[in-house]
Each structure stands twice: as C-alpha cells, then as structure tokens.
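**Student:** Single-letter residue listing:
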Amino acid sequence: MKCRPNNIWPVNTVPEITPAWHNSRMRNVAEFKIQYRQILDPRGNPCAPLPAFAADADELRRMYRMMVLVRIFDAKCVNLQRTGQLGTYPSCLGHEATHVGVGAAMLPEDVLAPVYREVGTQLWRGVTMGEMLLYWAGDERGNDFSQPRHDFAWCVPIATQTLHAAGAAMAFQVLKQPRCALAYIGDGGTSEGAFYEAINLAGARKLPVVFVIVNNGWAISVPVSAQTAAETLAQKAIAAGIPGVQVDGNDCIAVRQTVAEALDAARRGAGPAVIEALTYRLSDHTTADDASRYRGEHELKEAWNLEPMIRMREFLSRSKLWDAAQEGNLQQECAEQVETAVRMHFQQSKPGSDAMFEHLFAQLPVHLQEQRATARRYAAKVSGH
Amino acid sequence: MKCRPNNIWPVNTVPEITPAWHNSRMRNVAEFKIQYRQILDPRGNPCAPLPAFAADADELRRMYRMMVLVRIFDAKCVNLQRTGQLGTYPSCLGHEATHVGVGAAMLPEDVLAPVYREVGTQLWRGVTMGEMLLYWAGDERGNDFSQPRHDFAWCVPIATQTLHAAGAAMAFQVLKQPRCALAYIGDGGTSEGAFYEAINLAGARKLPVVFVIVNNGWAISVPVSAQTAAETLAQKAIAAGIPGVQVDGNDCIAVRQTVAEALDAARRGAGPAVIEALTYRLSDHTTADDASRYRGEHELKEAWNLEPMIRMREFLSRSKLWDAAQEGNLQQECAEQVETAVRMHFQQSKPGSDAMFEHLFAQLPVHLQEQRATARRYAAKVSGH
Amino acid sequence: MAKITMIEAIAMAHGWEMQHDPRVVVIGQDVGANGGVFRATAGLQQRFGKDRVQDTPLAEAAIAGMSVGMATHGLKPVAEIQFMGFLYPALDQIVNHMSRMRNRTRGRLTCPVVMRMPHGGGIHAPEHHSESTESMLCHIPGIRVVCPSSPARAYGLLLAAIRDPDPVMFLEPVRLYRAVRQEVADDGQALPLDACCILREGSDATIVTWGAMTIETLRAAAELEKRGVSVEVIDLCTLSPIDIETILESIAKTGRLVIVHEAARNVGVGAEIAALVAEHGLFDLQAPIRRVTGFDTVVPLFQLEQEYIPSTQRIIDTVQLTLTEGA
Amino acid sequence: MAKITMIEAIAMAHGWEMQHDPRVVVIGQDVGANGGVFRATAGLQQRFGKDRVQDTPLAEAAIAGMSVGMATHGLKPVAEIQFMGFLYPALDQIVNHMSRMRNRTRGRLTCPVVMRMPHGGGIHAPEHHSESTESMLCHIPGIRVVCPSSPARAYGLLLAAIRDPDPVMFLEPVRLYRAVRQEVADDGQALPLDACCILREGSDATIVTWGAMTIETLRAAAELEKRGVSVEVIDLCTLSPIDIETILESIAKTGRLVIVHEAARNVGVGAEIAALVAEHGLFDLQAPIRRVTGFDTVVPLFQLEQEYIPSTQRIIDTVQLTLTEGA
Ligand SMILES: Cc1ncc(C[n+]2csc(CCOP(=O)(O)OP(=O)(O)O)c2C)c(N)n1
Ligand SMILES: Cc1ncc(C[n+]2csc(CCOP(=O)(O)OP(=O)(O)O)c2C)c(N)n1
Ligand SMILES: [Mg+2]
Ligand SMILES: [Mg+2]
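Chains as they are written, first to last, in the working numbering: chain A, 1 to 385; chain B, 1 to 385; chain C, 1 to 327; chain D, 1 to 327.
These are computed hints drawn from the structure, not numbers from a lab.
Take the hints with a grain of salt, since some may be wrong.
Stated by the list, open to error - Selected chain B positions facing chain C (in silico; Cβ < 10 Å): (1) H150; (2) Q173; (3) V174; (4) P178; (5) L201.
Please read these numbers as outputs of a predicted model, since none were measured by experiment.
Ideal Cβ placement from N, Cα and C applies to all residues, glycine included.
Excised from the complex, chain A in its bound form (with noise of 0.2 Å):
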C-alpha cells in the first residue's frame, strides 16, 4: 500500500539477478535521491517544523473547513449517482488533504489542469458545486466556470491533461507573464506517454509547470506496483532531469508546503518539479465500478487509519484552534450549502439541442445550420415542445 511511508522501497534493493556490470570498474556520472515529507503523522503530531503559513490560525481553519466541505459534497454525489439523480461519479473520498492543499498553494492566477476527481482544489480555486453537479449530470456548462476562467475543465482522457499544462506554461514563458500550471495525474496515468513527453519537454525548456500525481494506490483495478517497477513515482521526475520528491498525501499541511515551494521556483524561473502525493482511494473508482472485485477489505481497512480529516482536526484541536462545537457547527454550515446547491441544480433547465452547436466553431458552418434545423425539429418531438 503505498500510502504509507513505512512500506516505500528500501533504498537502492538489489533485485537476485541483475546485469554484471555492477561489478565492474565503472565510473559514477550522475546521482539522484527522492525524499519523502511529512509535516502531521497519522495522528496530528507535527514531526517536522511547520512550515509559515500554519502561524496564520484561519487559514489553516480555512483549510480544514474545505476539507470538510469537501466530503459532505462528495458523499453527496455519490448519493445522488444512486438514486438515478446523476451520471457516473467519480468520488474523491480520502484525497481531501492533497486536493485542499494543493489548492491552497496556488495562487488565482495560476492555471490548474485537473482530472476528474480533484473537487477540493477546484472548490478552493472557485469552482461552483453546482457546476461541477452539472458536469456530471451530464451538460457542458458545467465546464464553464464562472471562476477562474483559465483553469483547465476536467479531463477524462488519461495524463492528455499534463500537456496542456506544458503548453500553458510555455505560453506564460513566451508571454512573461509570472505565472504557473500545475498538473494533476493518477499513478496510473504516468504509465501514459503523454504523461512522460509532458515532463520531459517542460524540463528541456524549463517551463514553470508542476506537475501532482496523486498516488491512491489503484488506477480502477490496477494497483501500483502493476503499473510500474519504479519504486516510486516522484522518480519518474528523473527522466525529465527535473526534481521530484514525495510528500505524505493525507497530510494537508505538507502538500501545501510541498506544493508551494515547487511554484515558487517554477514562477522564479526554475523550472518544473514532479510531487508524489501519497495518498489512498478510499471509494471505489467510479460508482460504476465495484472494488470488491480486486481489492481486499483488509488494505482497505487500513488505509482508512491514514485518513486526511482525522489528522488535522486532531492538529487543530491540540493546538487549541477547534472544538466540538465549531466541529457540529461546520458540519451543519457544510451540509446546508451543499443542499443549497443541490437545490438550485435541480432547478436549471436542460440544454436544448442548439447547445451541440453553438460553441463548436466561432461561427458556424452552413452544412451544420442544416442539422441544427434538423436537430430542432427531432428534439422538439422528442420532448413535446
């Protein structure tokens, strides 16, 4: 299980059998070392120094507050994906510290390109609940966020996304413009090539781009240790020539930390870097699927003791920064918004079939205003207006 640090590697294995060359007169010419951060064990206590921004107490409030926010809309979605209200969902359910954290390392400018799971970092970036609830419910305002207008939709394609970022970086670069991208990634998705070009090519040109697998241990039914022979994924980083690091993905305080540094080289002129966050799926991969199948209970189980939200409330609390009360509060607070915004979704109207030819060139071609007559026509049949 990946998502725990006790379990990584250890360093330089030697597999039984391996070429010869080991033992031969050979001269070193490059080295190269991962590390791996962790700011709040598995129980709250800080095991490194923490990092400025922890002095400011609502901000780290802020953070736990997204967490929070985070699962009740989560939980939701599934719910609403059971009972026919919504497409097919995929749940972010123990990712909340990394996907907060990297949200609350970026700056509004910056430009984030999602997969399909990251609802902490959009929310914190300010993405709507309802409409991200669109996006799933199958229409693509939900695509449209009203902010920010430059972040990257959500991107199903595996790992296509990590280019965009590149090219948005190289965009940033050629125009002077102090900003980054930043990349999302499963552990799946960096068996993909474009993941590797994406890397690579933001290396060659140092391109201020950073990139965040997120390490859950499973891409749908494939556990890591299939996709990979790498003993970790933050060394992927070292075919691009670029740094790469691992930092403990349930631990909010170090992704941000982590994740920080990183764009602030990048926006220095340093270049990309590659985080492996650390972290684990505790849902199934989509409510399509069912883990059972190729997951034992017992992985799970424990996986579930590394939890992202126990963590920091535990860390709030000791630090005299949260109480039972402020907890029940922010549940109520949290649970409202999110039937708020479940109650307004419910209230838009389906697009009409205009909406597949609207946006599809600046202006549209004239065979295409023939099957937008045609699509009218067949449409106002099918829906009796």
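Given chain A, work out where chains B, C and D with the ligands should sit, using these hints.
**Tutor:** Chains B, C and D with the ligands in isolation, oriented as in the chain A frame:
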C-alpha cells in the same frame, strides 16, 4: 557534445534556484546512480579489465572486419544516393562500434528491433547488403530478410519499435522461450512517449528486453540538450524502475560486453535494462540533410578524434593481432564485397504492381481484386509492356 | 441453452478460443481480476492464469504496440481498449505497423491481433465514453473493422476475428451489451467476415446500418410496415471491407437507400456506401440516397445524447421522404 | 515581384503573420536553426527569435498537446508535423481536445491552432513519408482541413488558417513544394476558407480534386480538351467542411462527376463528396459517380509510387467512360 565522457554533467548539480524542499527535514526513500563504462580509451588503450571474449583474437578481428565492411558499404550507399541510384539514405558513419558491438552481443535466436541506421548490427545478424540496398531503393522486398527471419524490419516512425520489442519479449515470457528482444532508439527518440511506455511496461512485467539508446548527439538539427534536461539518457531507466548505464559507444569492446551482460541477465529472468551508448553522428542526418546549417565545424572535428575505427585498429595492432598488410587486404576484400552486392542489386527487376496487393492480407478481399486489375492495366501502360 | 447477453457472449467466445488455441492471450486495462469494466473478460484470468490474461499499464499505445510484437512472435493477442474514445493514442501503432506488418515484410511477419473496444453512446456515460469513430479505422488499408449487433453475432464474429490471420478492430456497441438476451450455443462456430447480414427482407426501400443503430432501424421498419411500407434492413457486420454486393442486390430490388449510423455524417462509413452505390447502382436508384446519422458535432454529454443519436422517428421520416421522391 | 515556390510562399505567409500578430508562435521538430526539413520555416528563428520559433522535443503528442495549452492561454501556435505519417501520435490531442475545447467549455477556452504537415507522396521519400490520410481528419467535428494546390493559394489559405479562431489542419502536398513558381504578393491577403476554387471551367464533366492531384487532373483536362471534351476542374481547397454548393452547381451544368484523390479510396474524402451529390444532386447526374484514387493498399515504397498515385491516363479514361454512360 555527449560523446565525450568528460562533458557529462557534474554529479548532483544544483541549479541556481530550486524548490526549497531540499532544505527542509526530509527522509531519503530511494537513491540511484548512473555509471559510465569504457574499456578502450580513444587511443585504443585498455582502461579497464578486458572481458573474456577479448581473449579470442579471431573474434576481435571479426568485429573489426565488420566495422570496416560497414564503413565501406555506408560510404557506397551515400554515393549511390548522390548519383541518383538510391533513395534517401541515413548514413551510419561513426556508429560502427555501437552497431557491431550490439550485433556481437546478441544470440541468433534473439530478436532485433532496429531503427533505420543500424547497418552493423543487421549485417552481423545476417541481413544482406542486397536486402538493405533494396529497402533504401524503395522496395519492400528489402524487409524480407532471408535471415534472421524473426527480426523486425527497419522502423521509420520513431520509437514505435521499442513497443514491438517489449511485445516480442512478452511472447518469449508467455511461451517460456529463453530469448531476448533488443530495441534500438536514438537520443531524439527518447522524447517520444512510446519509448517511455515500452521501458515502463518492460519493467513492470520484468520482460527479457534490452533498450539501447544510441546517443549520437543530434536528432536531425536538434541537439540532445534541447531534447531533455536529463543529465544522461541512461537515467530514463529510473522512471521505469530498471537498471540504466552509459557506455562509450565508440568502444566496440565496452558496448559488446555491456550489452551481453544485460542480455544475459534478462535471459535469466532479471528483467529489462537501458544502455546509453555515447557516440556521434559524423554524417548529415540523411542524404537529404545538410548539417552545416545547424552544426558547428569545430564540434564535428572534435568528434572525429573519438571515432571508433582507429581505436579498435590501434588496440589490435598494439596487441599484435593486426598489421598494415592485413589492413590493406581487408580494405580491398570489403570493397569487392560491396561492389559485388551493388552489382547484383542492379540486376534485380523492379517489382510489378501486383506487389502492392500481394501481402496486404493473407487473402485478398474481393474489392481489392478489382483494384489489382486496375493497377495492372495502368502499370502496363506506364512501363510499356 | 441459457439466454445470454452480448457481453456474456463475448466472454464466452474468449473462453472457447483460449481453451482451443493456446496462442490466444488477452491483454488490456482491468481485464484481469476485474474482468473488464464491462465484464467482457469476466472469469478468464481465474480460468487461464495471469500469463494469458494480463492487465497492462495504463497506456494504449503500449497495448497496440505490444500486441504487434506479441503477434509477430507467436501469440494471438486479443486486446481490450477500455472505450473507443481512448483508442487514439493507439492509432499510430495500428496505422503504421499493425495494418502493414505483413505487407512491408512481404509476409515474413504478420499481425493476427484483435483490438476490441466499446463503441458508441446511449448509456449515460461520462465525457469521451460515447465515441463511434469507426470511419477513421475503415480508411486504414490492411485491417478489418467488425461490429456485431446481437449476442449470437458477437460470439460468431469475435471467433472469426480471433481466427483471422490479420488484424481486426472489433467494435462492441455499448447500448447492446445488456440490451437483449439470446440463446447462443457455445459451439465454437464462427460467422463469416466480409459479409453483410440481412436482418429483415423488404421491397420498398433498403436501410443499411450496423451496431446499436439496428435497434432504432428495426423499430422504424416495424412501424413502417404498419403503414404499409416494406423495408429491407441490412446489418453491415464487417464495416471494412464492405460487402457491397449484398447491398447492391437489395437496391436493385427496392430502388431506394437510406443509411443509418450513429457516427458523425461527414466522411462516415455511410459516405462510402453511398459512393459505392452511386457508382455501381446508380441506375437502380429511384430516389436520392439519404443518410440518417449523428450530427457533425462533438458527441454531447449525456443530457443531449438522445438528441444526438438518430431517433426511430428520424429514420421513419427519412424513409418516407425517400418514398415520395423520384420515379 | 519574384516568382516563388509553394514552400517559399508558406515561409512568407508565416513571416507576414508573425510580423503582424505577436501571438503567433511556430513550433515543431527542426523548425528553428534548420528552418524545417522542407525549409517551410526558413529564416523565421533568425528573424523572430527563439521564443517565437521553437524546436520541440521529438514528440508529436506533445506538439499537439502543448499547442492546445498555448492556444488556450494567449498564443496562436502554428505547429509543424514533419510528415503526415507521423501525425498519428498527435491524433488523440486533436480529436479529444483541440477539436472540442471550445465546445466542451462553452466557448470559455478556444484553440486557434494551425497544424501544418507535408501531405502525399511522389518524391521518392522513405517509408511512412507519403501518407495522405486527410479523411481521418475530416471526420473529426470541430476542426477544419485545408489543402492548397499552388504557391498563391498556399500563401492565402495559410494566412486564413492562422487567423481562424478555430483549429485548422493544413496539408501541404510535397509534390507541389517546388513544382512550380508563381508570382505571389506578400500583401497579407488571406483567401476564404470553406470555399472551393474552380481551376478550369467546362461543360461535359466535373472533376473534383485537391492538392497535388490537381497536376494530373489539369493535365487530363487539357488532353481531354484536345479530344473535344470540356472538363470543369474544381479544387476543393477546404476538405472539411466541404463547399458542396459549388460542386452541385457544376454538376447541374455538366451532369457528370469524377472525383480524384491520392488517398486510398475506402472512406476517403471522395466518398463524402459522392454521398453529398447522391443526396442533393442525384437527379442532375447522367452517369455514375466515379472515383479515381489511390488503391486501398498501404502506400508502397517509392519503386511503385507512380503505380499507386492515380495517373493522368486513369483520369482521362475514367472521364471518357463516364461520358459513354447514362443518358
Ligand atoms: C487514455 C485513457 N485510457 C483509459 C481510460 C479509462 N480510465 C478511466 S480512469 C482510469 C484509471 C486511472 O487511474 P489513476 O491515473 O491512478 O487515477 P485515479 O482514478 O486513481 O484517480 C482508466 C483506466 C481513460 N479515461 N483514458
Ligand atoms: C514519429 C516520428 N516523428 C518524426 C520523424 C522524422 N524524423 C526522422 S529521423 C528524426 C530524428 C531522429 O533522431 P534520433 O532519435 O536521435 O536518431 P538518429 O537519427 O540520430 O539516429 C526525425 C525527427 C519520424 N521518423 N518519426
Ligand atoms: Mg490512482
Ligand atoms: Mg540522434
């Protein structure tokens, strides 16, 4: 210039600005090093213990002979192209040590997945000069090697062949055959996602396949430094969790030994490896290219000082295995062999239009039979018989 | 004999052929323990072991490229692409290698590969999960493209595809995976490739279609019959190469042709059928050839997918329009 | 005004637009110091600097994918794919993102990208260097596909492509790069997209073609004229969307249609033209629509490329056959 070991980046270079995380308290979770091997120095002096095969004088002479034959054949091909008797041709000038070293390291039952430049390996394995001439003269029959029947044909779409090698290795693994696949790739080719997918897949499945990166400094007009920020190309292996090593690609003995060790390990179940052979493209990219547009003369001149033929000849002479008379005979022998091959090549008749249809499917579908008839009708008109 | 769904028929065909041909190996994302996201390979890994049913890393180019190498060196890979919308990274290997390996080596190396993939929309799936871009595949020389429309045809055509010595793209309409049950004998009987299949005979007009659109087309034909119009329905089955003879024979009888497909119209497979008929059957035509297809738009997210997929009504109207035209 | 080749006209169009629009950035393999393997970007890096003319790593998916990100964030990338045969790794980004970015974000993010690539064969190039798979691109909704047939049209259409707010695939026939010289004013005048261009008027038959096949087609038309046959030659120019009106008008006049393209016939762009005419112009047709195309085979290595590419004679014979048929 990547071909000179001294120019390899200093170990552990820290760029001016890096993410601050290297200053914070972190734990190392993985360490890697890339090593470099040379056995003969540029003047042909052994600078490391000689491998076992070097005790066999005939074998060493066989290797040198092949290098000479390759160089003469290659020059002839360039010449044929210049005089309009061959299509665009990618010269292998300067790559002889790498190509012959690899050929000599492989077993006949292994499978080669070449790119388009590896004349030395092909010749060693039994592909004939006639077949090569046919291919570069624009005739598919050139890919129908009389032997080895199981090797892949030349491969123009960069990096695609690495996946074929992995697939063949997968077949060997499933069929429990003690064979290896070996794929070539250029320095430019390592930027393609397909290359990374291949090494990653090979690592994940511990496939018996070896990847030889021929780093000749250039991908057409793009230098390695613009392809990637990686200090070495061997370190691409780290992303796949497999061993990677650099070897002096102008040192035929080091190449052979290094590749043989990797193949041997792979054959015994240790999984794949990446070998970066550092050499130099002494020619234009192909006969259609003019390198003077983008490459300095000085660099080329320096590279000539390191070229592989002298080194091997000096080593043989100094070891009393070779003299001027033998050299003279060899040059003449090879020139005659090449002339004979060229003469026979020109005696072959052009393929007929049926050749387009003959091997498209095991059995030609009906509509293609009509098209074949059309082709015949007009081919007859074109060539007048 | 139990009645089974198309997805079960597909798993059954895999099972038969793996049992009888040790060279057949199944690869893909989640095809192992999970048995495929649609369950097309359910139970195969348990039955045939991890060597013969392998989960691959998440990399479509790798799936196609390794299939090439496996096929040239003694295996018969049956590879699953999780959805057609994720096929594109694999196209390079299909176009540049799989389709031409036999040709470029003059028969020395060959590629008996089947690439299976879910095809089309209609199941409220997420973005990029409803593609039907078969026409891009059909344009590639050296491969076959096959699309079944029932459990029995899925079983027989998949067996034929696996046994074929050349590459076959096998498109599985997701709307049909569990739409109907049918008795299918597990007898290892393959169906012919390169041949259409007449689903319903008729005399007034011919409709050519394939895959999931057979549903709406057969419904339209049934409705038209009530109105006294006799429609012949042809299921293309093999989309490339096209069995044009059967289509031309039908048009010689009916004089009218409507083509129905879910994919976008522009340069769709329907265009090729129309072009062949406009060349070889022009004088049999009594009315313009009409196409009822998906629009030349991006497949919309699922709120609008019913507006995108040609409806029974559109097919009925188009056939009736055709009947009013011409001679 | 000096007479220039098509490749020079292309370089000139780049120069004009980069001079006048600072957002235009050129990327690709060897487009920098080397000026492109065909010299389409010769001199641009020297003139506009390394930021605006960038060699990319050797990775086509990256070229397309980064173009998407550049375009959505303030630049107008003009990307070169070194040969059309190497486009396939980029298709995923083109189909799944570039073509639908505007649509899927409801116009919030857009992709003003031009992807240029050498197209077709006939120059004795190595394997995989002679592809003309435009039909795969034309099937993709949300992009345009353009193919010029002369230096002047290359200049004007490339300017139009770069200025277009949506993605354009720009196919450059390699046989034409240096085939003819023409006076082309460097005046920044774009030509219209989505419009055919009549190369030669005629009354007995219409030939629709594009790109390099205009050579053989015009030769055939000239020869046919000697024999008393008057042929109208239409250059499609924009291959998707198709300006079918112009074609239909011509057929209304001539009653006969021959389509000529270098690509394989099966599901080629010719099929779409035939299908559109079989729907909208059927009653104007006096004879079957015939296609003179490359064969449905792998493009052969260059020994046989002249046997593969449709010859002038085949075009002449087909037009004459058409004239003997029907009314
Ligand atoms: C190119 C592509 N191939 C296949 C899929 C189908 N698919 C959707 S999610 C997924 C697994 C992704 O795993 P990972 O990258 O680890 O992300 P996670 O779901 O764990 O967040 C797969 C195979 C896809 N969306 N895109
Ligand atoms: C997929 C692909 N893209 C582009 C090309 C065009 N091309 C041919 S060779 C070459 C450079 C290859 O460089 P490298 O991999 O270093 O090999 P080398 O030629 O130096 O042996 C390029 C870009 C190609 N053949 N295939
Ligand atoms: Mg995962
Ligand atoms: Mg090179």
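**Student:** Of the numbered hints stated previously, which ones are contradicted by the structure, given in increasing order?
**Tutor:** Failing hint: just 4.
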